[in-house]
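Number of protein chains: 2
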Amino acid sequence: MQLFYEPNFDSSSQLITINAEESRHISKVLRKNIGDKILITNGSGLLAEGIIKSNHPKKCEVEVLKFEESVLPKNNLHIAIAPTKANDRFEWFLEKSTEIGIQEITPILCEHSERRIIKQERYEKVLQAAMKQSLNTFLPKLNKLTSFSEFIYSDLNNTKFIAHCEDGPKEKLSKVVAENNLIMIGPEGDFSQSEIGLALSKDFNPISLSESRLRTETAGIVACHTVNLIHSL
Amino acid sequence: MQLFYEPNFDSSSQLITINAEESRHISKVLRKNIGDKILITNGSGLLAEGIIKSNHPKKCEVEVLKFEESVLPKNNLHIAIAPTKANDRFEWFLEKSTEIGIQEITPILCEHSERRIIKQERYEKVLQAAMKQSLNTFLPKLNKLTSFSEFIYSDLNNTKFIAHCEDGPKEKLSKVVAENNLIMIGPEGDFSQSEIGLALSKDFNPISLSESRLRTETAGIVACHTVNLIHSL
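As given, the protein sequences belong to chains A and B, one line each in that order.
Under the numbering used here, think of the first position of the first sequence as 1, with each following residue one higher.
Under the numbering used here, think of the first position of the second sequence as 1, with each following residue one higher.
Don't take every hint at face value.
Which copy is meant is left open, so a pair is good if it fits within one copy or across any two.
Unchecked claim - In silico DSS-like links for lysine-lysine, alpha-carbon gap of 30 angstroms or less: (1) Lys85 - Lys37; (2) Lys53 - Lys144; (3) Lys144 - Lys160; (4) Lys175 - Lys125; (5) Lys85 - Lys32.
Keep in mind that the hints were calculated from the coordinates and are not lab data.
Can you build the whole structure from these sequences, using the hints too?
Pasting the structure below:
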């Protein structure tokens with residue numbers, strides 16, 4: 001069972017027009033034919049099962065047979081994480097966190113950040129591919145690269161946590177997982193003292209993720225899985 | 001703090017002779033000098049702090065100042081997992097599981113395996129690098145590629161689990177984590193019906209790792225982290 005992604009339809013749509021990239025894949029790579037059945041998600045919880053009416057390589061069209069609507073996940077997980085120097089490591093994090101379960105991701109720019117420019121569109125594609133591969137119908141929201149202080153001062157809803165490696169009082173994340181979580185993960189050189197101080201002054205709870213020191217992208221996956229696992233117990 | 005790996009020393013060693021590859025790194029890449037302090041692990045729990053006596057690019061020598069011996073981890077985790085078609089995905093699993101905590105890894109050859117030949121030495125290097133980066137002094141044991149049936153019939157010590165995607169009774173791993181665990185993870189096409197039947201007949205407990213379907217390497221990390229997290233609660 002293969003899933004395709006096209007954001008521009010809702011439960012009132014009778015015909016779905018598929019974007020160029022996905023159309024090329026359907027028509028040229030997979031060589032699907034008129035009359036073939038196909039599954040499409042809009043990334044917002046809606047799954048459409050339909051029949052291909054046109055397999056034009058830039059503009060496939062699908063007649064909807066039925067819809068299946070998924071309920072929004074009960075718990076909201078937002079991870080704000082400093083993109084790693086090596087792009088593939090950060091893309092692993094995007095892919096794996098989508099497989100395991102995440103609702104929102106903010107790439108953050110910190111004092112010790114090794115990567116200061118990101119490939120937003122490429123990251124979007126990684127999230128879309130991971131969503132489809134997991135047969136998931138919710139696309140994690142990917143925010144723009146945001147500076148640490150701008151992020152800290154923004155309107156943040158979930159229970160707030162910061163994972164840092166400095167000495168100081170910390171709780172194990174597994175002990176303090178809330179209904180809705182926002183977890184900050186720093187760059188390879190950790191958050192700076194002033195960044196940690198600022199976060200604590202804005203009611204971020206300091207946490208530890210593991211006994212051993214984890215790479216940034218590993219910390220991201222560990223945080224993501226810890227939240228999902230604790231909620232499933 | 002940087003850690004180096006040389007297996008051939010024990011707590012009776014006064015002088016450590018470092019292997020060629022690590023010597024080259026110390027001498028040519030990092031350009032360490034005679035008199036510099038250095039930390040070395042033998043991968044079996046022993047950490048040596050010493051002074052460089054010779055920085056020969058093929059044969060560094062270190063005079064030991066002191067040793068630190070770590071206790072064997074209380075719990076033993078062994079994951080038997082089918083190497084993925086894409087090598088980088090499997091190497092990602094080796095690296096992340098070492099960061100999170102694992103004692104033994106057996107690459108297994110299954111009916112639906114997409115990879116039937118593995119780069120054993122390359123995988124060893126990935127484990128060594130991950131151990132050093134984590135400042136860990138225990139190198140996970142990497143066994144040779146073993147066929148599914150040969151593995152099932154071998155002498156296996158830990159509480160045995162098999163994670164499969166077929167229908168049938170399964171417990172969540174998080175509910176049944178034991179002191180010492182052996183978890184089998186199948187290839188992208190899952191274990192075959194007969195492989196599952198054989199495992200169940202040899203007292204492997206069927207488990208699920210997640211609500212959603214995970215890639216092989218993600219399943220490996222989820223299993224590894226689930227065990228580590230449950231033990232830390």
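Discussion item. One pair to classify: lysine 53 and lysine 144, alpha carbons no more than 30 angstroms apart. Within, between, both, or neither?
Written reply: Neither, since 37 angstroms and 51 angstroms both go past 30 angstroms.
Worksheet item: Under a CA distance limit of 30 angstroms, which applies to lysine 85 and lysine 32: within one copy, between copies, both, or neither?
Response: Classified as between: cross-chain Cα gap 25 angstroms, same-chain 39 angstroms, threshold 30 angstroms.
Worksheet item: How do lysine 85 and lysine 37 come out at 30 angstroms by Cα distance, when the copy is not named: within, between, both, or neither?
Response: Intra 42 angstroms, inter 28 angstroms, cutoff 30 angstroms: inter-copy only.
Worksheet item: For lysine 175 vs lysine 125, is the C-alpha pair at or below 30 angstroms within one copy, between two copies, both, or neither?
Response: Answer is neither: 34 angstroms inside a copy and 35 angstroms across each miss the 30 angstroms cutoff.
Discussion item. Cα distance capped at 30 angstroms. Does lysine 144 pair with lysine 160 within a copy, between copies, both, or neither?
Written reply: within (19 angstroms within a copy, 45 angstroms between copies)
In this structure, the hints that do not hold are numbers 2, 4, in rising order.
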